[in-house]
Amino acid sequence: MAQLTLVQAINDALKVEMRRDKSVMVLGEDVGVDGGVFRATEGLLQEFGAGRIVDTPLAESGIVGAAIGLALNGMKPVAEIQFDGFMPPAFDHVVSHIGRVRWRSRGRFNVPMVIRAPYGGGIHAPEHHSESPEAYYAHTPGLKVVMPSGPYDAKGLLISAIRDPDPVIYLEPKKNYRAFREEVPENDYALPFGKANLLKEGSDITVISWGYMARLSLQAAEMLGEQGIGVEVIDLRTLVPLDINAILASVQKTGRCLIAQEAPQTCAFGSELMTLIQEKAFDSLRAPLGRISGFDITIPLYRLEEAYMPDAGRVIRKIKEILQFS
Amino acid sequence: MAKSTPTKAKSTSDESSKGDHSWSIEGPIQILDPAGKVIDKELEPKLPDDELKEIYRWMVTARSFDERALSLQRQGRLGTYAPLSGQEAAQVGSAWALEQQDWMFPSYREHAVQVVRGQRWVDILTYWGGSEEGNRIPKNVNNFTISIPIATQILHAMGAAWAGKLRGEKMAAIAYFGDGGTSEGDFHEGLNFAGVFKVGTVFFCQNNQYAISVPRERQTSSETIAQKAIAYGFDGVQVDGNDFLAVYYITNRALEKARSGGGPTLIEAITYRFSHHTTADDWTRYRSAAEVEEWKQKDPLIRFRKYLENKKLWSDKDEQKLLEEAKAEVAKAVEEYEKLPERDVEEIFKYTFAEMPWNLKEQLEDLRAYLKEKKPEE
Amino acid sequence: MAQMTLVQAINDALKCEMRQDKRVLVMGEDVGVDGGVFRATDGIINEFGPDRAIDTPLAESGIVGAAIGMAVNGLRPVAEIQFDGFMTPAFDQIVSHAARLRWRSRGRFSAPIVVRAPYGGGIRALEHHSESPEAWYVHTPGLKVVTPSGPSDAKGLLIAAIRDPDPVIYLEPKRLYRAFREEVPEGAYEIPLGKANLVREGRDVTAISWGSMSRLLAQTAEEVAEQDGTSIEVIDLRTLVPLDFELISQSVKKTGRVVILQESARTCGFASEIAALITERLLLHLEAPVVRVSGYDIAIPYFRMEEHYLPDSGKVARGIRQAVTY
Ligand SMILES: Cc1ncc(C[n+]2csc(CCOP(=O)(O)OP(=O)(O)O)c2C)c(N)n1
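Residue numbers (the working numbering), protein chains in the order written: chain A, 1 to 326; chain B, 327 to 704; chain C, 705 to 1030.
In short, the hints are calculated from the structure, not lab data. Everything numeric in this text was worked out from a predicted model, so none of it was measured. One or more of the hints may lead you astray.
What the hints assert, rightly or not - From chain A, some residues computed to sit far from chain C (all C-beta separations above 10 angstroms):
| no. | residue |
| --- | --- |
| 1 | Gln3 |
| 2 | Gly35 |
| 3 | Phe109 |
| 4 | Gln252 |
Claimed, not checked - Quick list of in silico lysine-lysine cross-link-like pairs, DSS-like style, CA-CA up to 25 angstroms:
| no. | chain 1 | residue 1 | chain 2 | residue 2 |
| --- | --- | --- | --- | --- |
| 5 | B | Lys700 | C | Lys1019 |
| 6 | B | Lys701 | B | Lys687 |
| 7 | B | Lys698 | C | Lys1019 |
| 8 | B | Lys465 | A | Lys22 |
| 9 | A | Lys195 | B | Lys687 |
| 10 | C | Lys1019 | A | Lys280 |
| 11 | C | Lys1019 | B | Lys676 |
| 12 | B | Lys379 | B | Lys658 |
| 13 | C | Lys957 | B | Lys687 |
| 14 | A | Lys22 | B | Lys496 |
| 15 | B | Lys698 | A | Lys280 |
| 16 | A | Lys280 | A | Lys253 |
| 17 | B | Lys624 | B | Lys653 |
| 18 | B | Lys658 | B | Lys643 |
| 19 | B | Lys379 | B | Lys367 |
| 20 | C | Lys899 | C | Lys957 |
| 21 | B | Lys701 | C | Lys899 |
| 22 | C | Lys957 | A | Lys280 |
| 23 | B | Lys665 | B | Lys653 |
| 24 | A | Lys253 | A | Lys195 |
| 25 | B | Lys665 | B | Lys676 |
| 26 | A | Lys195 | B | Lys676 |
| 27 | A | Lys22 | B | Lys524 |
| 28 | B | Lys632 | B | Lys372 |
| 29 | C | Lys957 | A | Lys318 |
| 30 | A | Lys280 | C | Lys958 |
| 31 | B | Lys658 | B | Lys363 |
| 32 | A | Lys280 | A | Lys318 |
| 33 | B | Lys687 | B | Lys700 |
| 34 | B | Lys637 | B | Lys622 |
| 35 | B | Lys687 | A | Lys280 |
| 36 | B | Lys379 | B | Lys643 |
| 37 | B | Lys701 | B | Lys676 |
Said to hold, decoys possible - Computed from the model, here is a short list of chain B residues facing chain A with C-beta under 8 angstroms:
| no. | residue |
| --- | --- |
| 38 | Asn461 |
| 39 | Pro475 |
| 40 | Gly485 |
Every residue, glycine too, gets a C-beta built ideally from N, C-alpha and C.
Please model the entire structure based on the sequences and the hints provided.
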């Protein structure tokens, strides 16, 4: 076992899968010679050659559209979109095609591809480099949406994503790319989709989160633990498919729930979770459901970015507010 | 029934034998004039007589299908339909040059191409009759499903050809689109990728002069669409899209080039849509009757029939017989279409993912429960 | 006052505004000579000429991008996207630019454009011609989202949208284009954005919808009220952003029961946001979980099976009764 950062774990997952399966290939901007702007694809070109690690022209619609054709004809493309904010130029292919090819062709064709993109704020980046766009994709039928929070999950989930017969949007919390290391097994292992990870047990309140916010919620929970408050933290790992059972089991136990997300609040994935919880566990609720989110604004440039990014303090404050309710 | 005799008119695609004939972006390649006379003997594909007759059968059947589909729509027996009449030579001509291992990416008007390649007329009706079943393509047929968002399929075709290239396969992909499609960003991205990676793709533009109501001059101020290829670093060529022989000749040549690693080609087939854009459209709002009439003089079917007649391969009697047979073939498809069984509602959930997640199962169950409440007797 | 269909009311609104404001123009595919594929811009080119009724090349990103530039330089473009399903090629221009210009320039620039598109199913159309994409735009900070449900609203809301200083996504329920006529006042008038319409008063349950579903909801509510003797309050939101939560809130406090009807896919749809707001702020007033009636998490089927996807009066009645009998 090695201690890896999240971005190293992604690199490792790509290597493992590319060694195992010749049809796996990587394409995107600067993924080859440069090894990716975050170095997620470092060393791949040397090992697998320019046929399988492709520096494409600068064209996101082109990258995703081409990947669809590649996938139709037997390849397993892992397309990298350099930043979250540059996924919209590919939006049409993502929503009008990749999620629908199986459906449109009555199962004759499918598009087993992965779109990887770094997402989220907190790295002092310029505009269009800090977005959290998961809700767009969760609302689109036919797409799986995966958001790892740490190195171990990142590797296991990316391997599953590559092996999955359906298209996967794989969003990497760029703030956690190098934030910490974790034990990551050297062999290949696949973490199942639709299975959330119970990061911490607790009986007073459930916090549901994913990606960057999951680890932040854990920190907040640990701080509250010192004050004798039992916070259960669920890291969803995959938004689609969703582990509804884990959510319901926890909320039925605690009766209180906070959703912690980084995206703008309105019509975000948190809204869906709250709706589902009140639909399916209404009688267990002992307090109104709460959420913290980014605000319904464009994420600010970095001088004021901190004001937007939910931090542990905000998580704690909201948890306390929900707990006070009786 | 798919095209039965795969033909390789190798003689016409051999670069060395061509010598002086470069890919022409100045004026369309023509082999037959509107009177069906061969004006370029050197380029004339040497197709066997039987095959020529079969080709004509395809074009006539496509026209017959088109007319029937239009009338079905008018009678409320078919949904919105996009007619192809006028574009039979462009479609059958290019499809004829494809080989089984090649991939074909249609837009929504390529009914003839789809069927020549192995789908059935009934599939076309099924699709326009509002069922995804029409998109269920047989396993051995390398046709992709219809693409409605303009120009998006250009990238898919390029990607599919690219996969073949990466595996070292001798195959090509063809993407069909219209003159309007060349305005979209995906046209640029698709051709640019193909040029950069030398991907064996044939970009087949049926320039039928209009994108719904908007004329070709409003799509681009390039003199030709073919010349756009120059900017992407590969060959572009204009062809008379109403001349089967010319379309076949040039597509064949482009495909051969694609299969043998020579990279992409942009073909601009100049043609005309005789009818409405779709049955929801009314062409009188933006075209004059005189203009349509003028193009009808260049009808691809008449031209090819004259060619056959000039070769003493065709008579009025043959024509009569073919028209009847074509009608009968279409009638059979219509009959089959109208007997299509209703499908279970599971169909609308089933193919969203390889495996249905809980929310879809729950939604399907709920729909079933609802339908039961509505009709308890069933 | 004249009796008009919804599409005629839109045509009328455009003409009214174009007569009194020279900056207003329409642009899009087939909007000029052809008068629009639904005839929403019929006659405009005759009255205002080809410079104010612009037939553009076939390129949605081009249309919206150009409209943004025009708006920055003093015009008031109303861009038509021919169908809901073809808004996605323009997604980047909408979410990365139109929505953010004011923010990005600290108020120096803005993009007062209207993007009009027919939306929703029920007209036996092809794939990509029956989508309900409102949730993506609601989730995008900086956009207003308007969905009229009848002719007189359509006119007043479109005029308000054109006059609004911010970009407005104006989604027209195409199934209602010619479904019925209504008295539409002559001349220009505005219906303010952010004010919902209380369609029907009631005490037992609040039923909320917008755009394509509002009429179905009102009709079904009438039937259910008659059959069951339930007193149903019906709200037509008219605008999703800004949202008239005040009216919702007043109503829910009174009834304690809510059903929300939407046509779009269920997960992360706008109904989820309303339900989230209610459970966050009004949980104590709720006597039953908020009920959603919606499309499914699948691409809307081609028309042979489309009816199974679309909410109909039976499904709506069932939803109302579910909320009432909990
Ligand atoms: C992205 C997109 N925008 C708009 C439309 C609506 N639409 C359907 S066909 C068409 C015109 C297409 O013209 P062209 O590409 O020349 O092909 P043709 O129909 O003439 O074969 C338009 C605007 C669409 N299908 N896709």
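Hints versus structure:
1. Gln3: holds (36 angstroms)
2. Gly35: holds (27 angstroms)
3. Phe109: holds (14 angstroms)
4. Gln252: holds (14 angstroms)
5. Lys700/B - Lys1019/C: Measuring from Cα to Cα gives roughly 10 angstroms; hence the hint holds.
6. Lys701/B - Lys687/B: holds (21 angstroms)
7. Lys698/B - Lys1019/C: holds (12 angstroms)
8. Lys465/B - Lys22/A: Holds. Lys465/B to Lys22/A sits at ~23 angstroms (cutoff 25 angstroms).
9. Lys195/A - Lys687/B: Since the Cα atoms of Lys195/A and Lys687/B sit roughly 17 angstroms apart, the hinted pair holds (cutoff 25 angstroms).
10. Lys1019/C - Lys280/A: OK: Lys1019/C and Lys280/A at ~19 angstroms, within 25 angstroms.
11. Lys1019/C - Lys676/B: holds (21 angstroms)
12. Lys379/B - Lys658/B: holds (22 angstroms)
13. Lys957/C - Lys687/B: With a Cα-Cα distance of about 34 angstroms, the restraint between Lys957/C and Lys687/B is violated, given a limit of 25 angstroms.
14. Lys22/A - Lys496/B: holds (19 angstroms)
15. Lys698/B - Lys280/A: This hinted pair holds, its Cα atoms lying about 23 angstroms apart.
16. Lys280/A - Lys253/A: Status holds; Cα separation ~14 angstroms.
17. Lys624/B - Lys653/B: holds (23 angstroms)
18. Lys658/B - Lys643/B: The given pair, whose Cα atoms are some 23 angstroms apart, holds under the 25 angstroms limit.
19. Lys379/B - Lys367/B: Distance of about 19 angstroms is within 25 angstroms: holds.
20. Lys899/C - Lys957/C: Holds - the C-alpha atoms of Lys957/C and Lys899/C are around 18 angstroms apart, at most 25 angstroms.
21. Lys701/B - Lys899/C: violated (40 angstroms)
22. Lys957/C - Lys280/A: Judged against 25 angstroms, a Cα distance of about 22 angstroms means the pair holds.
23. Lys665/B - Lys653/B: Status holds; Cα separation ~18 angstroms.
24. Lys253/A - Lys195/A: holds (19 angstroms)
25. Lys665/B - Lys676/B: holds (23 angstroms)
26. Lys195/A - Lys676/B: Roughly 22 angstroms separates the two Cα atoms, so the pair holds.
27. Lys22/A - Lys524/B: holds (21 angstroms)
28. Lys632/B - Lys372/B: Between Lys632/B and Lys372/B the Cα gap is close to 17 angstroms, so the pair holds against 25 angstroms.
29. Lys957/C - Lys318/A: holds (24 angstroms)
30. Lys280/A - Lys958/C: The given pair, whose Cα atoms are some 23 angstroms apart, holds under the 25 angstroms limit.
31. Lys658/B - Lys363/B: violated (35 angstroms)
32. Lys280/A - Lys318/A: Roughly 23 angstroms between the alpha carbons, so the hint for Lys280/A and Lys318/A holds.
33. Lys687/B - Lys700/B: Given that 25 angstroms is the threshold and the Cα spacing comes to 20 angstroms, the pair holds.
34. Lys637/B - Lys622/B: holds (23 angstroms)
35. Lys687/B - Lys280/A: Roughly 16 angstroms separates the two Cα atoms, so the pair holds.
36. Lys379/B - Lys643/B: Answer holds: Lys379/B to Lys643/B is near 14 angstroms, not above 25 angstroms.
37. Lys701/B - Lys676/B: holds (23 angstroms)
38. Asn461: holds (5 angstroms)
39. Pro475: With a minimum Cβ separation of about 5 angstroms from chain A (threshold 8 angstroms), the hint on Pro475/B holds.
40. Gly485: Gly485/B check passes; min Cβ-Cβ to chain A is 2 angstroms, inside 8 angstroms.
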